[in-house]
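What follows is the residue order along each chain.
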Amino acid sequence: MFRQARWREPTVFELGEIGDGVLDGDEYRRALKYLPEKLVRRSGLRIPDLPEFQVVRHFTRLSQENYGVDLGIYPLGSCTMKYNPRISEEVAALEGLRDISPHQDEEEIQGVLEVMYRLSRILSLLTGMDEFSLQPAAGAQGEFVGVLIMKKYFEVRGEERDEIIVPDTAHGTNPASAKMGGFKVVEIPSDERGMVNPRLLREVVNERTAGLMLTNPNTLGLFEENILEIADILHENGSLLYYDGANLNAIVGWARPGDMGFDIVHTNLHKTFSTPHGGGGPGSGPVGVKSFLRDFLPVPIVVYRDGMYRWEWGLKHSIGKVHMFYGNFLVALRAYTYILSMGLEGLRRASSIAVMNSNYLFRKVSRLRGVEPYPRDSRMRMHEFVVSLESLRRETGVSARDVAKRILDYGVYAPTTYFPIIVPEALMVEPTETVGKRDLDHYASVVERVVEEAYNEPDKIINSPVNTTVGRLDEAYGSRPRTMKPSERWGRRDG
Amino acid sequence: MTFLPSPSDVEAILNELGFKDLDSFMESILGGFITEIPGEDLPSMDQPSLLRYMEDLSKRNRVYSPEKVYAGWGVEPAFVYPATKYLVGRGEFLTSYTPYQPEMSQGMLQALYEYQSVMAELLGLEVVNSSMYDGASALAEAILLAYRVAGRPRILLPKTLPPHLSRVVDTYLYGAGLETVNYEDPTINSDSLSMVESLLREGVSALVFEFPSSLGYLYEDVDKLADLVHSYGALFIVYTDLWSTPIVAPPGDIGADVAVAEGQPMGLYMGAGGPLLGVFAVRGEQRLIRNMPGRLIGETRTMDGDKAYTMILQTREQHIRRANATSNICTNEALSAVQVLINMLIMGRGGLVSKSLEMMELAHRLADMLERYGGSQPSSSPFHRRFTMVFDDVDLNKLYDRLRGLGYLPGNLSGYGLSMNINFFHTVEAIEEFASSVGVVIEDVQTG
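Protein chains in written order, with the working numbering: chain A, 1 to 495; chain B, 1 to 448.
Take these hints with a grain of salt, some might be off.
Short derived list, chain B residues pointing at chain A, Cβ under 8 Å [to be verified]:
1) Phe-79
2) Gln-318
3) Leu-362
4) His-364
Covered stretches of chain B, as calculated for chain A (at least 3 residues, CB under 8 Å) [to be verified]:
5) 227-239
6) 344-354
Source of the hints: derived by calculation from the structure; they are not laboratory data.
Yeah, the Cβ is synthetic: ideal placement off N, Cα and C, and Gly gets one too.
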């Protein structure tokens, strides 16, 4: 029987005595020696002074109230929560890579530049692109870079194109990134097979279309089989095709976006290449382009010339910089380590097992009572799949959200819920390759048990979870202006 | 293939799916899209040889002693306590993700709530999000927030804003189609206030102010500047140095609507420049909070009335609001935030204040010593732990290179001089040694 740690751990602010936090006499006098009185801090600094053992106990307890890949399956769709090898952590802790200042000259950091250069070459090889920038700090920033490349490209060509097309199954970041680039977002509906329909696409593509942002396989876990025709439609119109690499884990080593006609891609190193997600980040979202767009990449990129790795700053149409320095190097380093340990054969095997695991779980879950595959067919899925619990909800009153909460009670994480937004009562499941048959069988049996409970004891589900650190949250409460509390300082206006 | 399931598992599942091997399985889905990728150059390496390769590679980088580094724009040597390193390495934190199921992710949520709260104390503002990518993109997003709130497509930026910030701001504003106008920093040019006022009169969404500036200086009449900005309906965005905040008036005390900073100096490795930590804070006003980018953690309650934590105000975010979200950010730097939180808690309030005082004292001591070698500063404003110098008849590039030859990373160069930054590791002995090295080099450069 699973039961998550429940320490009822107070906040650090309750662990020790905190006074008003203002500077005491001695501190104030020392500050006044070099600062005019009006520039000395007045408001209290209410941070506790705790012995180190108390800090360690506090965060050890908090860690026990948290679930991660190290504890078991974490099947969030499109998030690729796979095992994070410890060798990557070991490498990222090597002083000669970790303690390098970004202010050092290139001849002093040849090892760093070699990692960046080689990783860029490998990413080009795996995606079929010609040049990469490692600067974007996450997938969404990669998308932003891609969108700006489109913007600059048409500006240089003297074409006025202000629309970007995204399918209705797209990740929310796609339309948000397009908007940040100053584009109008045109959404196209997926067809009954869950795909971008070339006929519908032709209807919306026009002289204002800068490009299409597409995930392939898409968020329904389906390979966009008309991708070549889609690419033709855009290219005939002079538009560009952007690849959202969130789902690259399904095809890496087997098929390449570059061969499908994509002009710009981003990859998520924290997904496909196994760097830890850290509770929400850091990640890394390198962007690759075909050679005709090389001059638009963020600067600098790494080149190898005259026996030395160098920064190249002089890209003629560069969109500029998106990061203070060169991106999340220590994340890129972990990804490089992972890739070298797998080798191309290992990467191929990994992605095919990810797809295999997904289909195995799909078969088991989609035949459960009240659960239907989305779209409603038994086609092979790729690394993830989506089911709808609409029937279950109609028949029992139990929602996808309720089911997800009850799944937690069995000691495993829940899938993504209510996404893609076109699927009613959606569960989006991505088991990844780093779970075995027993894990999958167990997960399927948990979902099965929960679904049975929905029919027999719906109250049990609606009142779940009960075995987690806390019971079901009243989430709206924390977001209402009158009851929200985003920090300890909130509402304390005495300074 | 140690990171993958056993061959017998794979075989059993393939059997159930009706395939004899992974090749035929993938072919049945991808068919003609399968490409032969040349893999000779990418064999797999076992862990011992991989580690050896990486160790060799790491030796091809020069590692500076942290007390010999005076460069400090954005990233500097920071001490990471062993306990911090241990705690953020715990798999429950390291291998989790955005807490979409808060009931099972309370540990991360509470840690991020505590991060927001500790950062709110430092900055003197009530609302801090749970992280942006870095200080530069945080600054850019602060400007985008100001535009959403104030609606005027023009922004005022200080002329002294260094490239690691300004180039990123330019990129983000290019996307949004906003225009920037530069003003003279009042710590460099005392006439700047009248110029600022005439620019404000033309209508702007925000004025970005560095306090302290990247050159190091603290503008004494910063409160008047804030009032001036507010009187024209614009937002006052302050980019700050977190190490100054324990003793110098923090953004909240000087009228900031939005405060942004780079969090790395409080406890992240330099990592050749990343990952970093973008700190983003606003005053506790609903119109600012509703327009904030990024994830925000808040206290809430369970259905049974127990205290708990969750992501709040998610309707601002891309996964709900899509094209109308306040930002596209999804993955952020959560673990960097937790690392900085733990590191700061180990120091505690007392440690933060005394370190901040010590840095200020060392910086002034160093400035005094360097002035004896003919150093002069471009500003007479007060400074905290960073200052800028030029030396009579000395080519700064030459000085910089010579000092580098002596094992120093001597600072950041700009048109205003050499900016030097006191970091966590500096001691009286270290700066005395540095000053005398500067003295020797200067004499050499002047005579030679």
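We went through each hint and held it up to the structure:
no., hint, verdict
1, Phe-79, "11 Å, violated"
2, Gln-318, "4 Å, holds"
3, Leu-362, "11 Å, violated"
4, His-364, "6 Å, holds"
5, 227-239, "violated (count 0)"
6, 344-354, "holds (count 10)"
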